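Engineer: Below are the chains, spelled out letter by letter.
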Amino acid sequence: MLVTPLWRDGGLHDLMPPTNAAPKRRSAGLAASLENPKGRTVLEKTGRTMLAKIWDQHVIARLSEDTDLLHIDRHLLHDLGGSRGLLDLKSRGLEVHNPELTFATPDHAISTAHGRAGTSKIGQELLTALRAETSASGITMFDVDQPGQGIVHVIGPELGLSLPGCTIVCGDSHTCTHGGLGALAFGIGSSELTHVLATQALIQRRPKTMRARFEGKLPLGVTAKDMILALIGHVGAAGGTGYAVEYAGSAIRELPIEGRLTICNLSIELGAKMGMVAPDEKTFEFLRGRPYAPHGAMWEQAVATWRELRSDPDAVFDREVVIDVEKIIPQVTWGISPEHVIGIDGHIPDPRAVDDPVRRAAIEAALDYMGLQAGAPIAGTPVDWVFIGSCTNSRLSDLRAAAEVARGRKVAAGVRAWVVPGSENVKREAVAEGLDKIFTDAGFEWREPGCSMCLAANGEVVAPGQRSVSTSNRNFVGRQGPRARTHLASPASAAASAIVGAIADVRTMGR
Amino acid sequence: MPKPFNKLTATAAPIMRSNIDTDVIIRIERLVGNSVRGTLGKWAFGSLRYLPDGSENPDFILNREPYRQAEILVTGPNFGCGSSREGAVWSLQEMGIRAVIGSGFGDIFFANCFQNGILPIVVDKSVVDGLAADIEATQGAGKVSIDLEAQTIVSPSGQRHTFEIDPRRREGLLQGLDEVALTLTRDDEIRAFQASDRAARPWIHFARTPA
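Taken in sequence, the protein lines are chains A and B.
In short: position in the first sequence from 1, add 134, done, that's the numbering used here.
In short: position in the second sequence from 1, add 200, done, that's the numbering used here.
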């Protein structure tokens, strides 16, 4: 029986021995946790972590004991911040340092309706500005309706722009997604974005290292999304703050690349701005032949280099967490932080059972916002909306998993369900397989690629008070629209909930 | 270029809920557009600060005197988690906030603060809780003093706490340094790195020729 902690209040105190204390292993439950008593160790080891190997290769200058000027290999721009950065640069009288390492696409503010109808005036202005400023700077832009357009974290891997061992930044916190290919990828703010445009480099403090090992065989109906939500539930939304996380273990090695991208995508939801998986034969097969991946002799040379990136067997991490995946069941969030997560057979936590008044008040606030009853089972909670999309779960394998549940069934009366493919290429491949037809026959709306209702920057919102099951990454207050109530889940669980009209256990919907 | 930060004595408001994310600090629709700076102060903490009808929520601390004048926020764990939106920092800055004190912040928010001359201070949760209690005991009338050079915080009752800060970042804040201009002074090093990296990893640098 899986015991997923119901609530963590940003602390790790019961898991983490204080620094300099002896390592302690938790014997029971989902996971064990260790901390390296030596503390920060990136550069001191004989065995090196993947992080240290990639990091050290990118150091242009050592600025202080723990801060370096790093070369940035790929800079991705989107419509929300891309033109702002380029205009900021222009106003300083500077030029883009390396336009050939910079790529742009509109995703955040464009409508996902057919023909992009409904793109707001301001969204249209941002698109126009992105076109003008990238063109003036010689930056490649993948424009709407063209192959290559899509959510920036979907197109990077899809086009082979994101490669093992490279540094990737973007003005978006889910840039950690690209770590699924073995890249060192992280989100940056507007000022850092301008810094990278101007210098192709970034000042960064070396993070601590954490390894999250997922061991065992994934049960039926349980996906990469469930694995990472379970980890967040366990370590908390601040559990990875200050760390770069390497995901490892037999269950990670078994995961296809798209699942690894989903895992790394949610790194920021456990507080870590970087997450990564060691590249292996699956990574190389995924990248072979992609438009921007190396080819010919250069491909062989690149792969030989990439094989050396994995952490050495004797590498020591500052913190280590081990997750038994055989104990994971489909996960769903109940509250307003991704750490508010329970198994689908779980019950909504009861604040009266919590002694700490601050934590009790926080649970009460979350339940009030979410309109949920303490102690009630989460399964069966009626829903108004289902959103299948976002940089977390909008790739072809995600759409296949949702379509497999939807095939031959109907969306429940009163539920609106959207499928928003992650990119133009994903959309075309899905159409070629007939997935769009499966969805529309079942009563889902099939849309154009973009970020859409994940963050509601383009005006596509869940109405106030309405309840959504979403395959995206954040159940924050108002994330999908003012007063919208979001439950995060996997694509299969979301599709099952659309059919049932309530939060549903996909394992009961076998054929 | 960020405004320099040295010493500050000001009203401080405790916002102790954990995991206040950057979506809560500033909603995304306020950030869509290239001319949003200067418009954000009134929208900071919108979902906490205003009721659904648009009127002020009298229960929210920053709607009460003297906390309306706060220039320091004392925050719960993991303040500023979530999205990388620098607009979260801009909105705090536009409402007059110059420093945030907490037991931990979202990594990207933390970095964005320094870029805008806002000082984020990390201290033990017990210190944060003590400060919050001390401020509340004076109903906000007692001021909090921060001295970046000395790396100290003094609570309304006179309790003095020291804090740690990355020396590079401390120097940057004290002087209001522009990182872009500083890094550009190393442009020959950047170009030398790229020249040697082109030989070592040509596939990184020839990305513009798709197969």
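Treat the hints as calculated values from the structure; they're not laboratory data.
Since this is a predicted model, take the numbers as computed values, not measurements.
A few of these clues could be false.
[To be verified] Partial list, derived from the structure: chain A residues whose beta carbon lies under 8 angstroms from chain B:
1) Asp190
2) Ile194
3) Ala335
4) Lys571
Ideal Cβ placement from N, Cα and C applies to all residues, glycine included.
Engineer: Each hint: holds or not?
Structural biologist: Right, here's what the structure says about each hint:
| no. | hint | verdict |
| --- | --- | --- |
| 1 | Asp190 | violated, 13 angstroms |
| 2 | Ile194 | holds, 5 angstroms |
| 3 | Ala335 | holds, 5 angstroms |
| 4 | Lys571 | violated, 31 angstroms |
Checked against the numbered hints given earlier, the structure breaks hints 1, 4 and satisfies all the rest.
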